[in-house]
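Since the structure of chain P is provided, determine the placement of chain L on it from the hints.
For the protein sequence lines, the chains are P and L, in the order given. Residue 73 in the UniProt record's numbering sits at position 73 of the first sequence; the count goes up by one each step and never skips. Residue 22 in the UniProt record's numbering sits at position 22 of the second sequence; the count goes up by one each step and never skips.
A portion of the hints provided could be inaccurate.
[Said to hold, decoys possible] So the derived label-pair ranges between C-beta atoms look like this: (1) P:Phe34 <-> L:Glu116: 33 to 39 angstroms; (2) L:Glu88 <-> P:Pro207: 33 to 39 angstroms; (3) P:Gly3 <-> L:Pro214: 52 to 58 angstroms; (4) P:Ser215 <-> L:Ala114: 21 to 27 angstroms; (5) P:Lys171 <-> L:Ile34: 34 to 40 angstroms; (6) P:Asn108 <-> L:Pro214: 26 to 32 angstroms.
[As the list claims (entries may be wrong)] Examples of chain L residues lying across from chain P (beta carbon under 8 angstroms, computed): (7) Gln53; (8) Gln67; (9) Ala70; (10) Asn73; (11) Tyr74; (12) Gly77; (13) Lys78; (14) Leu86; (15) Ala90; (16) Glu97; (17) Gly98; (18) Tyr132; (19) Val135; (20) Ile208; (21) Lys211; (22) Val216.
Hints in this document: simulated from the structure, not taken from any laboratory. Remember, it's a predicted structure, so these values are computed and weren't measured experimentally. We treat Cβ as the ideally placed atom computed from N, Cα and C, and that holds for glycine.
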Amino acid sequence: MSGKPVLHYVSVRGRMEPVKWLLAAAGVEFEERFLETKEDLQKLRADGCLLFQQVPMVEIDGMKLVQTRAILNYIAGKYNLYGKDLKERALIDMYVEGMADLYDIIMNHDFKPANEKEKDLANIMDKATNRYLPVFEKVLKDHGHDFLVGNKLSRADVNLLETILMVEEFKPDALAKFPLLQSFKARISNTPNIKKFLQPGSQRKPPLQEKDIPSLMAIFH
Amino acid sequence: MSGKPVLHYANIRGRMEPIRWLLAAAGVEFEERILKTKDDLQKLRTDGCLLFQQVPMVEIDGMKMVQTRAILNYIAGKYNLYGKDLKERALIDMYVEGLADLFELIMYHEFKPANEKEKDLANIMDKATNRYLPVFEKVLKDHGHDFLVGNKLSKADVSLLENILGLEELKPDALAKFPLLQSFKARMSNIPSIKKFLQPGSAKKPLIQEKDIPSVIAIFH
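Same shape as in the complex, but just chain P (with noise of 0.2 angstroms):
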């Protein structure tokens, strides 16, 4: 054994992706398993590898983490990501979440019928540009620190990057309106770490292609 996290998922961002960019902002290496076919899932039932029978499950310091926000929440504390103490906590927890339901939106469009996609891809903008960034321009603008919270890097950091480059793949200049918000992206994807993570054949994941959307619903339904 590695020692190394060990990560089961498919071969698509979904619900895995945040907890790649975490473990990749902490410098912490992984492995990936990928499910390929509806009997791997079901392999790692019957083995009782699943709490809830669902995949994310992330094996790390001995346990077979499941449920996203209990596997994010585990590295944020394990590689001090998240805040010092209950308030930083409080307002990281309240940026993260808040930006989980953009990711939701934006993970969930992919799966709209085609005559659907246009008016949902409105609402994200919509979204993503009245109710989610302007929340966090504003808060850059307010304490002019380089960071959302605490004056140092937090997953909430993190999470505010993958959010803004999965906005600006739908719109290359959604940051158009939120000059502060342009020069966070630039500045949170030069840390070493992130650099990192951002070149080509790191193990980020690209957005989703129609033509593999079949193979994945036939592995979950």
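Positioned in the frame of chain P, the structure of chain L alone reads:
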């Protein structure tokens, strides 16, 4: 100012109910400001009280906290209901997140149209009986303790009790095959702070009446 937390939400269980449960279990008195109309929600928004324009919102310790999980994590951390270390927190988080998935189904069931209720109920009971309840029966069986994690009351126990009672409202014999969960339920219900919350006249909300559904939906849509 009384110094008590103030909960802002509609007069339903919804996403605020787990917060009411946790505060009650911690023995913390709180006040509620009930939103009755869309204007009430709009006022909170224009007053800048809602970080992402949404409720639940809880005024606590000088903060206007939003996002259910952020609020629950803060309360649990403050009142020592979140385990003693990272590994206990990981277990608590896994259990709570699994229960949150079940809770979503139970919460939305109240709002399903009449012609979908039977099928929805069957799905809820299937998931409860085959995916979620067996996990917690086994946890209790394996360690033989009174509480799910660390031999001490935590937010996981509170969440489990809340969900057990929610299931039993839908199907009174939901725990028929789970003897340890039955004794867990009895034991937990007798904890003084929880016993008080289970009395008539407490802040615990009843299931919504069908006649009240339209006015609630009107607040949010």
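Results of checking the hints against the structure:
| no. | hint | in the structure |
| --- | --- | --- |
| 1 | P:Phe34 <-> L:Glu116: 33 to 39 angstroms | holds, 36 angstroms |
| 2 | L:Glu88 <-> P:Pro207: 33 to 39 angstroms | holds, 37 angstroms |
| 3 | P:Gly3 <-> L:Pro214: 52 to 58 angstroms | holds, 57 angstroms |
| 4 | P:Ser215 <-> L:Ala114: 21 to 27 angstroms | violated, 38 angstroms |
| 5 | P:Lys171 <-> L:Ile34: 34 to 40 angstroms | holds, 39 angstroms |
| 6 | P:Asn108 <-> L:Pro214: 26 to 32 angstroms | holds, 27 angstroms |
| 7 | Gln53 | holds, 6 angstroms |
| 8 | Gln67 | holds, 4 angstroms |
| 9 | Ala70 | holds, 4 angstroms |
| 10 | Asn73 | holds, 5 angstroms |
| 11 | Tyr74 | holds, 5 angstroms |
| 12 | Gly77 | holds, 5 angstroms |
| 13 | Lys78 | holds, 6 angstroms |
| 14 | Leu86 | holds, 5 angstroms |
| 15 | Ala90 | holds, 5 angstroms |
| 16 | Glu97 | holds, 4 angstroms |
| 17 | Gly98 | holds, 5 angstroms |
| 18 | Tyr132 | holds, 7 angstroms |
| 19 | Val135 | holds, 6 angstroms |
| 20 | Ile208 | violated, 23 angstroms |
| 21 | Lys211 | violated, 30 angstroms |
| 22 | Val216 | violated, 20 angstroms |
When the structure is compared with the earlier hints, violations turn up for hints 4, 20, 21 and 22 and for no others.
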